[in-house]
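Since the structure of chain A is provided, determine the placement of chain B on it from the hints.
Protein sequence lines correspond, in order, to chains A and B. The first sequence begins at 0 in numbering that gives the first Met the number 0 and counts up one residue at a time. The second sequence begins at 0 in numbering that gives the first Met the number 0 and counts up one residue at a time.
All the pointers check out, no bait thrown in.
Non-contacting residues of chain A with respect to chain B, defined by C-beta distances greater than 12 Å in every case (computed): (1) 84; (2) 114; (3) 133; (4) 175; (5) 208.
In the DSSO-like style, the derived pairs of lysine-lysine whose C-alpha atoms are separated by at most 27 Å in a straight line are: (6) A:36 / B:197; (7) A:209 / B:112; (8) B:16 / A:36; (9) A:209 / A:160; (10) A:36 / B:26; (11) A:92 / B:57; (12) A:160 / B:112.
Far from chain A, some chain B residues (derived; all Cβ distances over 12 Å): (13) 30; (14) 50; (15) 54; (16) 62; (17) 87; (18) 106; (19) 108; (20) 131; (21) 150; (22) 160; (23) 172.
Calculated from the structure, these hints are not laboratory results. Beta carbons: idealized from backbone N, C-alpha and C, even for Gly.
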Amino acid sequence: MILFPAIDIQGGQCVRLRRGDFEEATVFSNDPVARAKQFEDEGAQALHVVDLDGARLGKMVNLSIVEEIADTVSIPVEYGGGIRTHEDLAMIKESPINRVVLGTSAVTDQPLLMEAVRILEDRLVISVDAERGMVTTHGWQEKSSVSAIRFARFLQGEGVKHILYTDIDRDGMMMGMNLDAVHELAEAVDIDIIASGGISDIIDLVHLKKLGLSNISSVIVGRALYEGKFTIAEARAILD
Amino acid sequence: MIVIVDYGMGNLRSVEKALMKVGADVKVSRDPDEVRRGERIVLPGVGAFGDAMDNLEKRGLAGVIREEVDAGKPFLGICLGLDLLFEESDEHGLHKGLGLLPGRVELLPTGLKIPQIGWNQVSIRKESPLLEDIPDGSSFYFVHSYAVVPHEESDILCTTDYGCTFVSAVERGNIAAFQFHPEKSSSLGLTILRNFAK
Numbered sequence: 000m001i002l003f004p005a006i007d008i009q010g011g012q013c014v015r016l017r018r019g020d021f022e023e024a025t026v027f028s029n030d031p032v033a034r035a036k037q038f039e040d041e042g043a044q045a046l047h048v049v050d051l052d053g054a055r056l057g058k059m060v061n062l063s064i065v066e067e068i069a070d071t072v073s074i075p076v077e078y079g080g081g082i083r084t085h086e087d088l089a090m091i092k093e094s095p096i097n098r099v100v101l102g103t104s105a106v107t108d109q110p111l112l113m114e115a116v117r118i119l120e121d122r123l124v125i126s127v128d129a130e131r132g133m134v135t136t137h138g139w140q141e142k143s144s145v146s147a148i149r150f151a152r153f154l155q156g157e158g159v160k161h162i163l164y165t166d167i168d169r170d171g172m173m174m175g176m177n178l179d180a181v182h183e184l185a186e187a188v189d190i191d192i193i194a195s196g197g198i199s200d201i202i203d204l205v206h207l208k209k210l211g212l213s214n215i216s217s218v219i220v221g222r223a224l225y226e227g228k229f230t231i232a233e234a235r236a237i238l239d
Numbered sequence: 000m001i002v003i004v005d006y007g008m009g010n011l012r013s014v015e016k017a018l019m020k021v022g023a024d025v026k027v028s029r030d031p032d033e034v035r036r037g038e039r040i041v042l043p044g045v046g047a048f049g050d051a052m053d054n055l056e057k058r059g060l061a062g063v064i065r066e067e068v069d070a071g072k073p074f075l076g077i078c079l080g081l082d083l084l085f086e087e088s089d090e091h092g093l094h095k096g097l098g099l100l101p102g103r104v105e106l107l108p109t110g111l112k113i114p115q116i117g118w119n120q121v122s123i124r125k126e127s128p129l130l131e132d133i134p135d136g137s138s139f140y141f142v143h144s145y146a147v148v149p150h151e152e153s154d155i156l157c158t159t160d161y162g163c164t165f166v167s168a169v170e171r172g173n174i175a176a177f178q179f180h181p182e183k184s185s186s187l188g189l190t191i192l193r194n195f196a197k
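Extracted from the complex, chain A is given alone in its bound form:
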């Protein structure tokens, strides 16, 4: 299983939110590019970068910083936040970014979803952000009436290859991952699952790994790394 350290960018800074609340940001670095490099030096094998301003405003705000990160590190970079149009997809396709995460637009704009599957193929990741089992959109600010499981099955049917599953009740709260929900989702579909939200202690990684589900390929960790709860080397000793 691959560990993706998370770099969330808001106002040019590297921050962590609590439950996705844009007003509750903790700033961990003023230099996201340097932070990204540091994660690589600490042994990260990939990075997950989120443009929080983009997610909130519905347009790519910090793409240049994300591209700078992708240029600076020599590991794959996954990016999401604010991708809403066909032009955005075309721009991303030609960028050095390895994988692209679509959230809101995958729920609200089916033609865009199909276009994204067609042009990005395996580079496309669809994020399923769930609050009590239901999908949310618009930087987690709006709740839909679609269940995460049903949505994940729909995505699989549309040809999506990777799902990023985040339990937003847990994200940034340092209270452990909602393992039951991840487990249920991973059994409901065959495609690749990236698990996210709530990892707060090395033991959470042990539990996730112990689920023994081969389609959970990766896990995203944010606050726990910034707060030094464990190191990337310690995490890799469990996940590799």
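Just chain B now, with coordinates in the frame of chain A:
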């Protein structure tokens, strides 16, 4: 000067930046004369084999690459740039490759998910200056559905297991190529690029 051949197959910036990081003098070019003038050739690329060969032929690059490599110029292929070295591929119909090495390109004969995307271990099959300071069993980053099947066993530099054992790198004289992406494989990937650049 290392020339990265630009033939319209994917973003070359990561390869360019990675070579710059290891201190190489590097240039991305689609001009056959520049490729001829360069001291070393890097052929990266992602996408379909047939389109790639069409582009190389159309831009007058295929002939230059063949001539320069035959003349002994150091060549590094990455991903599709490995596949293109061989005689033919059955990716979406049969296509002729550069034919610099004998063998074919075939769909990964694996029961696991295709494409293989992610980090995987590499077994080193012979000594090479390019693999100096690379421990046997190191992990590198792969994104591919096809793999090369060299006719000559002596051309095999590395193999990797992915529900099957496939050839993940080849080397013959001045020609070397990797199925994985050194430019996205962190410090060990950069070590390979540094070894090529020196």
